[in-house]
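Keeping their order, the protein sequence lines are chains A and B. Just so you know, we're using numbering that gives the first Met the number 0 here: the first sequence kicks off at 0 and counts up by one. Just so you know, we're using numbering that gives the first Met the number 0 here: the second sequence kicks off at 0 and counts up by one.
Keep in mind that the hints were calculated from the coordinates and are not lab data. One or more of the hints may lead you astray.
[As the list claims (entries may be wrong)] Output of the computed footprint for chain B on chain A, the stretches with three or more beta carbons under 8 Å from beta carbons of chain B:
id, segment
1, 39 to 46
2, 122 to 130
3, 219 to 232
4, 253 to 260
We put the beta carbon where it would ideally sit given N, CA and C, even for glycine.
Here is what each chain is made of, one letter per residue.
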Amino acid sequence: MSNQILQKKQLSDDVFQMRLSAPLIASERQPGQFIMLQVDALGERIPLTIADADEKQGTIDIIYQVVGKTTSLLSRLNVGDAILNLVGPLGKPTHIEQLGTVVCVGGGIGVAPMHPIAKAMKQKGNHVIIIVGARNEKLLILQDEMRAIADELIVCTDDGSAGRKGLVTQPLKEICERTPKPNLVLAIGPPIMMKFCAETTRPFQVPTVVSLNTIMVDGTGMCGGCRVSVGKEIKFVCVDGPEFDGHLVDFDNMMNRLKTYIPHERGAHDQCKLNAQIQKKI
Amino acid sequence: MQTQRANSKKDLNKILSMSEKTAQELMSEAKEIFAKILPRASSLTPKERIAIPAQEMPSQDPHERRKNMSEVAIGYSPEQVRLEAMRCLQCKNAPCIKGCPVAINIPGFIQAAAEGDFQKSINIIKQNNVLPAICGRVCPQEEQCQTNCTVGKALKNKNLSVSIGRIERFVADWERENGKSESPEVLPETGKKVAIIGGGPAGITVAADVRRQGHAVTMLEAFHKPGGVMVYGIPEFRLPKKIVEQEINTLKNMGVNVETNFVVGRTRTLNDLLGKDGFDAIFIGTGAGLPKFMNIEGENLVGVFSANEYLTRSNLMRAFDPQAHTPIYPSQKVAVLGGGNVAMDAARTAVRLGAKEVHLIYRRTEVEMPARIEEVAHAKEEGIIFHLLTNVKRVLGNNDGRVQAVECLKYELGEPDASGRRRPVEIKGSEFMMDLDTVIVAIGNECNPLIKQTTPELSVNKWGNIIADDNGLTSMKKVYAGGDIVLGAATVILAMGQGRKAAESINAELKRNSSNDSQKQAS
Numbered sequence: 000m001s002n003q004i005l006q007k008k009q010l011s012d013d014v015f016q017m018r019l020s021a022p023l024i025a026s027e028r029q030p031g032q033f034i035m036l037q038v039d040a041l042g043e044r045i046p047l048t049i050a051d052a053d054e055k056q057g058t059i060d061i062i063y064q065v066v067g068k069t070t071s072l073l074s075r076l077n078v079g080d081a082i083l084n085l086v087g088p089l090g091k092p093t094h095i096e097q098l099g100t101v102v103c104v105g106g107g108i109g110v111a112p113m114h115p116i117a118k119a120m121k122q123k124g125n126h127v128i129i130i131v132g133a134r135n136e137k138l139l140i141l142q143d144e145m146r147a148i149a150d151e152l153i154v155c156t157d158d159g160s161a162g163r164k165g166l167v168t169q170p171l172k173e174i175c176e177r178t179p180k181p182n183l184v185l186a187i188g189p190p191i192m193m194k195f196c197a198e199t200t201r202p203f204q205v206p207t208v209v210s211l212n213t214i215m216v217d218g219t220g221m222c223g224g225c226r227v228s229v230g231k232e233i234k235f236v237c238v239d240g241p242e243f244d245g246h247l248v249d250f251d252n253m254m255n256r257l258k259t260y261i262p263h264e265r266g267a268h269d270q271c272k273l274n275a276q277i278q279k280k281i
Numbered sequence: 000m001q002t003q004r005a006n007s008k009k010d011l012n013k014i015l016s017m018s019e020k021t022a023q024e025l026m027s028e029a030k031e032i033f034a035k036i037l038p039r040a041s042s043l044t045p046k047e048r049i050a051i052p053a054q055e056m057p058s059q060d061p062h063e064r065r066k067n068m069s070e071v072a073i074g075y076s077p078e079q080v081r082l083e084a085m086r087c088l089q090c091k092n093a094p095c096i097k098g099c100p101v102a103i104n105i106p107g108f109i110q111a112a113a114e115g116d117f118q119k120s121i122n123i124i125k126q127n128n129v130l131p132a133i134c135g136r137v138c139p140q141e142e143q144c145q146t147n148c149t150v151g152k153a154l155k156n157k158n159l160s161v162s163i164g165r166i167e168r169f170v171a172d173w174e175r176e177n178g179k180s181e182s183p184e185v186l187p188e189t190g191k192k193v194a195i196i197g198g199g200p201a202g203i204t205v206a207a208d209v210r211r212q213g214h215a216v217t218m219l220e221a222f223h224k225p226g227g228v229m230v231y232g233i234p235e236f237r238l239p240k241k242i243v244e245q246e247i248n249t250l251k252n253m254g255v256n257v258e259t260n261f262v263v264g265r266t267r268t269l270n271d272l273l274g275k276d277g278f279d280a281i282f283i284g285t286g287a288g289l290p291k292f293m294n295i296e297g298e299n300l301v302g303v304f305s306a307n308e309y310l311t312r313s314n315l316m317r318a319f320d321p322q323a324h325t326p327i328y329p330s331q332k333v334a335v336l337g338g339g340n341v342a343m344d345a346a347r348t349a350v351r352l353g354a355k356e357v358h359l360i361y362r363r364t365e366v367e368m369p370a371r372i373e374e375v376a377h378a379k380e381e382g383i384i385f386h387l388l389t390n391v392k393r394v395l396g397n398n399d400g401r402v403q404a405v406e407c408l409k410y411e412l413g414e415p416d417a418s419g420r421r422r423p424v425e426i427k428g429s430e431f432m433m434d435l436d437t438v439i440v441a442i443g444n445e446c447n448p449l450i451k452q453t454t455p456e457l458s459v460n461k462w463g464n465i466i467a468d469d470n471g472l473t474s475m476k477k478v479y480a481g482g483d484i485v486l487g488a489a490t491v492i493l494a495m496g497q498g499r500k501a502a503e504s505i506n507a508e509l510k511r512n513s514s515n516d517s518q519k520q521a522s
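So that you can see chain B by itself, here it is in the shape it has in the complex (with noise of 0.2 Å):
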């Protein structure tokens, strides 16, 4: 599998990064070849089917980008969404559903983006996933819908599958900009309180399937804006601002009380809101918010940073942007360490942000490499130089304390680990230097200790994980945990997966209250 990525990788770059078309020129051509299409587009062949060209991705110009914030996947034209949904085989046994962690219908919301029913097609998707925008960008779909897709195996390559998350991202965002999002329906008042801790992806989903059960939901956030990680992480150019905002706004019209600059562990307690606030049920969503450093010589000097800090002074804080105050180190020559979405986002940060040089350093090789196949080649052609089976001994600095270089040692595969990936050995007396003056940090996060140090009866494991069963439900009664904060860091959709279940997980243990309660009162 791992070599099929990497050949397939080849063919990627045709198609992603080595592509000389411009988004005009593949929006015409998709109209023409629509236009072809379209008089037999109900009784297409298979092998017809499989036979249209995969439609990509319109970006904006990489020398362009490489000066703004802006968004760089521009998005389909309607043409080439409906052109890219032809594509898809509509499978009876649907492989896609079982590669998607919230169980979309997607051979359904496809095919009414084919016929260009897209009211229909977001219909579709809604029913599992209050998030689609979002999604459809930041979803790792070629590890989950798309990697079992018929079309992709069919042409032996994984990312010539349909592009479910592209179509995702288009019916989504065609409901938003022609105005046509509703809120979701909300049951009669229960009666009953609900508190979301965390603002983000899992904290969002919850809020979203409790509120529409009737139940009062009060979202508690630390920071001063709700998003969680899609607010403070991801950056503008990956995920806008407004699509997130949007989403939050839908909560607040639904009924949610957003509550920010609340820290639970802090400002109030776990036990303070069972007890003195009296809510019926808890979900902890706080996420992996502790940045994991590599403890080596020089990590303290001025210019090493976490990539939490790095882009959220830039996203959350709008660093780069002249009239806000918040600071941020102005780099010429940067190392990110890291092979990830995070460290993607760092790198491509920081050519933004006016960086001469941006070297990406990583212990493995691209095949390894856990961020989305997009994001790489995005990196790539923003002019970020990839070290591969490279590591970082040490930072050096200068007589001020700050970033001066870093001592690099190189690395060959060896044996599988425990992961299943080849551990990366090094090579010694390899070690070579590198002039830098800034180093961004992007190896993952802990858990963040804030819940646990005030409650210590909440179980976690051995790197704090909290501790919660299938149905999210934590060591303590009614309270439940999702996302980051339960799997260690992972992914937006992840995190939602696991909203879903402890949503339905708190739906039906007030369901069952309030039952008991009624029967107590007849009796």
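Chain A with its partners taken away, still in its complex shape (with noise of 0.2 Å):
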């Protein structure tokens, strides 16, 4: 059955990784691109990355952190549910080349869509500096999947519980005073690390790319909700994107449009938690 959880595993406390039956979305997605899903007929439609597909199996992976009521939902979904709608792949792919040293922030969960990416760099004949950043050891994600694919893994912890003590762009910035400079970054995650890697890179001229997760109602080009800045031009994330040239992308911006619900969402998230814990105790 089309859209059905084959796999669930909870990866961190609010983290969930699932595998769904999805054929059409695994033949053709290529690193990069993300689906979009609606958990129910009353529920949000959602953009989320895509972290793996199997196109044999037919299965794709997300992984997700539950940060408002549509995660949160999709978190009490069990192995054999389906998911109402799922739609992909959507933005366009990753340009995968032969470049030389390319270097892949991964923040967080976005870890996750980064691990496609780097692998296919690292098939390209690349070699593939990771870098990794959480803000403890519990929230660090696909350790093993990313040490195979890594000619230098780096880990970095706000907290200093595993790796490194501190944020991704001391890593980032001593790399690129390496000779010679690397000649790509990646970089994905909270909008707040994609800026300052920006900010990192920009002085070194290393070219850096970046990937946009907006909010979006279609994820095909008609709603505009996704719009960003970049170089002064407006974008569309779905259609455009999801990938940037960090150094053109008017993150202040960004991270405020990604706000434009928050009383809204804190109130339905607040109201899920609730209820959740009201059937909990019934």
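Both chains are sitting in their own frames, so use the hints and assemble them into the complex.
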């Protein structure tokens, strides 16, 4: 059955991995692309990145953090349940080519979409340096998978519970200082991390690609809710992106636009949590 | 013509907006007149027909409807529809048909309606139009069939033409509500496969016309519900979604396979549909779904939305329903930029979602507004404040990056431009501020780039519209296109008109192919 949940794994407190039956998406998707899903008929459509796919099995993997109502509902579905609507793959694929040294920076659950990109970059013959960051050890995901790909793997945590203590921008800066400089930096993670990765590489003039995750309704160019300023031009993340030149993205505006529905979402999420607690008690 | 429309608008206000008659009063008045006329119905002289009062559309009270999403226009009573139909002079030359993009036999269906034979009436319409309940509601009749009506001309007022659209709507509703709708007949299977990309008005028309000939039809829709602009764009209060659903069900009953969540250009490329999936013909009807912005300062502030986004949240995602999870911006003071139907829809939606003040800002005058006259009138009745010859120069935000105000500029009309409309010219130093929290941009759409991005051999013009010949054939063999993706943002009925033509060409091509196939087999 299409859209069925075949596997479910809790990676940390609020991070889940699900394997979904989606043969059409699995056969077409390429690194860098995303899907949109709607959990049930009253649900919101949200974009989620594709962490992995198996064309033969006809499956895709999604990894998501519970941050709002939709992800909360999604986390309560179990193996055997189906997601009402699932569409994709959406967005332009990552441009994969042999460049030399490629640095892949993944922050938080940004490590998930980075995984297939790093894999493809490695397969293309690049020297792949992977920097992964998280608040603490518990929130680090896909360590083994990344280690298997990386020529160099650098782990950072905010509290020092694993790897280096500090932000991903520190090792990134050190790598940029090497001779020769890396040929490309790819950064996927929280907007603030991508912003500072771009700021870190800017003085070194290392091309830096970021993958944006903005508010979307349709994911096909129709709503314009995902628009961002890139080099003073309006771009739509869904059809022009999700990847853009990190040195040209107006991150402050993008972060602000992500807060459009924050009061609404907070209310909805709290209500959702409350309902879940009530259900548990009953 | 423009001044005529302006003058007649005053009359229209009398008819439409300023009417103090309730739906019930209108209907009981019609009942009385009808009773008097009925005995002589078959022998009315043209003069007597013209003297029958034009029937107003009974509508929900403006104060009430501001608070609900239900349809504004209630629809004619049986007496009203027959009276309105009796106004028709049955002109031999039928100027109305010339104005109809799908050439419905208008005098024919109106005569049947006048006689009270609603079944016959709807049957006549359905020979040419697969979506009468929808077209009766959203067609710009005053620019099409009703514009050349002899009755309107005799009364020197285009708005007093026979209300062809309202009669169409009545008989289509009558059929549906009485359970008389039947799926059109489908010929035996031919073994040919046709893919329709996009489940909007153009796609629905092609799907029905091609399926009737016995070809297997698969409709590929990007959203989770088919219907296109009729589902995501046009609000419930103007076009109830159950009507669109019913039309889709008719297609399904005919054997059309509807696949949702399928984005051609991403889920599958056009070439794979032809190659891997073996479709014998493809129709592209993906619409004009890429909102335009004004490229002014502050346009990316929180609180600025495309009308597409605002309307999709409310319509398709049902954000007006407290049970639905999709949020919509909680607005107090809203400005809608634009003067088309989409602008009216967005403004009237904002009112219903609880905005205290809704301003409509349009660069030209009311005469040039592309919106249907009825929508403009309804918007005014609902308290939308019109600012004509005005444009927004920039959007200003507060410290949180949220919309706080817009700076506007006044315009005056100058010389006519290429479109024949007088060009609005800005008045220097006329800037003024309006405090607001929401701006909705409804200045049109560009073409969706997805199929073009992954099909470089498909020819498009400089605006990204797919180039198609008179038969709807594109630069690629077996690939046809129609509707807004070819026309640029237009109307439901024009999309259907193009769909009809493309369907005819597809059916002809497939017929040629199968006779070639059988010749090959014979030899």
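Of the numbered hints stated previously, which ones are contradicted by the structure, given in increasing order?
-> Number 2 - this is the single hint that the structure violates.
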